[in-house]
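A.B. asks: So the sequences go chain by chain: R and U. Just so you know, the numbering used here puts 228 at position 228 of the first sequence, and the rest follows in order with no gaps. Just so you know, the numbering used here puts 59 at position 59 of the second sequence, and the rest follows in order with no gaps.
Treat the hints as calculated values from the structure; they're not laboratory data. Computed from a predicted model, the values in this text were never measured in an experiment. Be careful, since some hints might not be right.
Here are a few chain R residues that sit away from chain U, every Cβ distance over 12 Å (derived from the structure) [stated by the list, open to error]:
#1 Asp51
#2 Ala99
#3 Asn164
#4 Glu181
#5 Glu184
#6 Gly226
#7 Thr262
#8 Phe280
#9 Glu304
Derived coverage of chain U by chain R (criterion: at least 3 residues anywhere in the stretch with Cβ under 8 Å from a Cβ of chain R; other residues may be distant) [what the hints assert, rightly or not]:
#10 136-145
#11 325-336
We treat Cβ as the ideally placed atom computed from N, Cα and C, and that holds for glycine.
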Amino acid sequence: MALLTYVEAIRQGIWEEMERDPSVFLLGEDIGVYGGAFKVTAGMLERFGEDRVIDTPISESAIVGAAIGAALMGMRPVVEMQFMDFIACGFDQIVNMAAKLHYRWGPAVPIVIRGPSGAGVHGGPYHSQSNEMWFVHTPGLKVVAPATAYDAKGLVKAAIRDDNPVIFFEHKFLYRRIKEEVPEQDYVVPIGKAAVRREGTDIAVITYGAMVWTALDAARELEKEGLSLEVVDLRSLLPYDEETVLASVRKCSKVILLHEDTRTGGMAGELAALIAEKAFEDLDGPIIRVTAPDTPVPFSPPLEEYFLPNAQKLAAAARKLAAY
Amino acid sequence: MKSTPPAKGSKRGIKPDAATLARMLYYLTLTRESELRLEQVLYRQGKIVGGVYVGRGQEAIGVGAALAMRPGDVTLPCHRDFSVFVIRGFSLADIFANWLARGDTPTRGRDNTLHIGDLNLGVIPIISPLGATLPVACGVGLVLKQRGKGNVVLTHFGEGTTSLGDVHEAMNLAAVMKLPVIFICNNNQFAYSTPTEKQYAVKSLALRGPAYGMPGERVDGCDVLAVYDAVGRAAARARAGKGPSLLECLTLRMAGHSAHDAAEYVPEKLKLAWAKKDPIQRLEKFLLARKIMTKQQIEELHKRVHQEIDAAVAQAEARPLPRGEEAVEGVYCGPDCWWERREVRPQK
Numbered sequence: 001m002a003l004l005t006y007v008e009a010i011r012q013g014i015w016e017e018m019e020r021d022p023s024v025f026l027l028g029e030d031i032g033v034y035g036g037a038f039k040v041t042a043g044m045l046e047r048f049g050e051d052r053v054i055d056t057p058i059s060e061s062a063i064v065g066a067a068i069g070a071a072l073m074g075m076r077p078v079v080e081m082q083f084m085d086f087i088a089c090g091f092d093q094i095v096n097m098a099a100k101l102h103y104r105w106g107p108a109v110p111i112v113i114r115g116p117s118g119a120g121v122h123g124g125p126y127h128s129q130s131n132e133m134w135f136v137h138t139p140g141l142k143v144v145a146p147a148t149a150y151d152a153k154g155l156v157k158a159a160i161r162d163d164n165p166v167i168f169f170e171h172k173f174l175y176r177r178i179k180e181e182v183p184e185q186d187y188v189v190p191i192g193k194a195a196v197r198r199e200g201t202d203i204a205v206i207t208y209g210a211m212v213w214t215a216l217d218a219a220r221e222l223e224k225e226g227l228s229l230e231v232v233d234l235r236s237l238l239p240y241d242e243e244t245v246l247a248s249v250r251k252c253s254k255v256i257l258l259h260e261d262t263r264t265g266g267m268a269g270e271l272a273a274l275i276a277e278k279a280f281e282d283l284d285g286p287i288i289r290v291t292a293p294d295t296p297v298p299f300s301p302p303l304e305e306y307f308l309p310n311a312q313k314l315a316a317a318a319r320k321l322a323a324y
Numbered sequence: 001m002k003s004t005p006p007a008k009g010s011k012r013g014i015k016p017d018a019a020t021l022a023r024m025l026y027y028l029t030l031t032r033e034s035e036l037r038l039e040q041v042l043y044r045q046g047k048i049v050g051g052v053y054v055g056r057g058q059e060a061i062g063v064g065a066a067l068a069m070r071p072g073d074v075t076l077p078c079h080r081d082f083s084v085f086v087i088r089g090f091s092l093a094d095i096f097a098n099w100l101a102r103g104d105t106p107t108r109g110r111d112n113t114l115h116i117g118d119l120n121l122g123v124i125p126i127i128s129p130l131g132a133t134l135p136v137a138c139g140v141g142l143v144l145k146q147r148g149k150g151n152v153v154l155t156h157f158g159e160g161t162t163s164l165g166d167v168h169e170a171m172n173l174a175a176v177m178k179l180p181v182i183f184i185c186n187n188n189q190f191a192y193s194t195p196t197e198k199q200y201a202v203k204s205l206a207l208r209g210p211a212y213g214m215p216g217e218r219v220d221g222c223d224v225l226a227v228y229d230a231v232g233r234a235a236a237r238a239r240a241g242k243g244p245s246l247l248e249c250l251t252l253r254m255a256g257h258s259a260h261d262a263a264e265y266v267p268e269k270l271k272l273a274w275a276k277k278d279p280i281q282r283l284e285k286f287l288l289a290r291k292i293m294t295k296q297q298i299e300e301l302h303k304r305v306h307q308e309i310d311a312a313v314a315q316a317e318a319r320p321l322p323r324g325e326e327a328v329e330g331v332y333c334g335p336d337c338w339w340e341r342r343e344v345r346p347q348k
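The whole structure should be built from the sequences, with the hints applied where relevant.
C.D. replies: Here is the structure:
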């Protein structure tokens, strides 16, 4: 075991997969000589060489397309988006090429596209987005968003071993802020399974990414008031763990859906529909969403603070729902 | 319209032998007659589902390029490159069946026209957002380069497609990384209704080659021997580690953008001028003049081709449509892969 930060855990996961499987290789901007903007790939060029750690021009579309071509030839490329905001530059390749090849003529496209997403670092509109739903809405892709260092390592390994295109959303706010004992040996966290981070009885809070920690903070505060929150970390958004979500809802009878992503078209809407369809009889109150508002992510700290959900906003919503 | 001289360091004049020449005529004829059958018979009979796109007049590009390939090479043909699919080994029946939306096809009914692919045949198909295959070709080239067996990848696209960002990203990437990619542009002068004057301002698309750091050559796209030679030389450069090339093959789109398009925007004078450059007539003339084939042999070839097409169409029409429930299968690749679970298809 070693005490690793979230970003170190991702690095270790990728490193182990590079050692384990010679078909794994990396493409991205500044990942080789520089070791990556967030140092995720530090040391990898020296260890694995420039055939396997490729510094590319600034061409997200070509990088993703090239990864797809390499995957069709039997490789397992891992593409870094310097910031997941720039994934939009490669959108066509992801949703029209990668997502649809297997369905249309049968080949595997085992690519991983990974990078830092999320807000809370005063990054402004183009370094702070949560763009997961663009891809959750695209059949043929898998979408993963770990919230812990342990999961970050286990899920990046699972993503690399998956024969489908996986979009791997790392949360930049968590990169160096969370540390955990992470096993140094090989382990995989399965895609498609949620994790109950905190058991509770009164309200189920379903969330992912950095908001998992926000929910845990709120839960600790509310416990003092006698309100018991169960916190479910989705970990995977596509496919997502219906069973665990519904079990928590049925257990608590009240649910808050929490995400840093903007409101309309967010994961909370998808889950709200699922819960209304399949757990209607088990609900003792309306399905509540706590999300960012429908705006781009603003830059100036007071604006960003207003924009982002936090423990206080979640606690207020929980108290209100508890009283219903 | 002049062809540009071959790039520096290239051997001049790759000449095909008699057997290859005969194959060229066979594939040109098969392509022309198959597409006529599709566009002017099956489509008019209402048997084709969706649009029909043909490459009439441009057949020399696919034939010349595909015949210049070696085992282990990979190609990404587009919708006007019917011949490439046949040359690489797709059965005529499979191709017709895909047009007819049958379930037992290389796409199992999931995609239409020539969006068919098979990694065993070294064929990766387009997606409708044309140009997206060029970066994919770069990825293929990257792997081929690393494997070090001297293989190359060909990627076909039209002049209209060159206005897309992906084309520029791909050309830049291929040149920077010295990838063995042959960029084959079919400049048939019209992208749907858009003529070249509205598509690009550069005098010749071949100039974009050096602009990205690779040789660019203009080729008579109606001369199968010129295409075969140009692709062969580009491939030789790539196999020797000298990186990518751009070939601008000039043709005229002799049919509409698709079967429903009467293409009245193409000036009649232009059509008449380019009809004189017809690639099949030119090759037949060449073969007869050099006594490589006789008139009778050519007539027999035509007969054979028609019989082949008749048989393929009949076979394709006999195949059933897919069952509706299949629509939700095979979205994801996994240990229990739907694509692999299907029973063996009927004989070609």
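A.B. asks: Each hint needs a verdict: does it hold in this structure or not?
C.D. replies: Here is what the structure says about each hint:
1. Residue placement check: Asp51 (chain R) does not keep its beta carbon more than 12 Å from all beta carbons of chain U (closest about 6 Å).
2. Listed as a non-interface residue, Ala99 (chain R) fails to keep its Cβ farther than 12 Å from every Cβ of chain U; the least gap is roughly 9 Å.
3. Listed as a non-interface residue, Asn164 (chain R) fails to keep its Cβ farther than 12 Å from every Cβ of chain U; the least gap is roughly 5 Å.
4. Every CB of chain U is more than 12 Å from the CB of Glu181 (chain R) (nearest about 32 Å), matching its label as outside the interface.
5. A cut-off of 12 Å between C-beta atoms confirms that Glu184 (chain R) is not in contact with chain U; the least separation is 28 Å.
6. Chain U leaves Gly226 (chain R) outside its interface by the beta-carbon criterion, the shortest separation being 45 Å against a cut-off of 12 Å.
7. Against the 12 Å criterion, Thr262 (chain R) stays outside the reach of chain U, whose nearest CB is about 27 Å from its own CB.
8. Under the 12 Å C-beta cut-off, the non-interface status given to Phe280 (chain R) relative to chain U holds; the minimum distance is some 25 Å.
9. At roughly 32 Å from the closest C-beta of chain U, the C-beta of Glu304 (chain R) stays outside 12 Å, upholding its exclusion from the interface.
10. With 9 residues having a beta carbon nearer than 8 Å to a beta carbon of chain R, the region 136-145 of chain U meets the requirement of three or more and the stated coverage holds.
11. Interface restraint, the region 325-336 of chain U with chain R: holds (5 residues with C-beta to C-beta distance below 8 Å; minimum three).
Of the hints listed earlier, those the structure fails to meet are numbers 1, 2, 3, in rising order.
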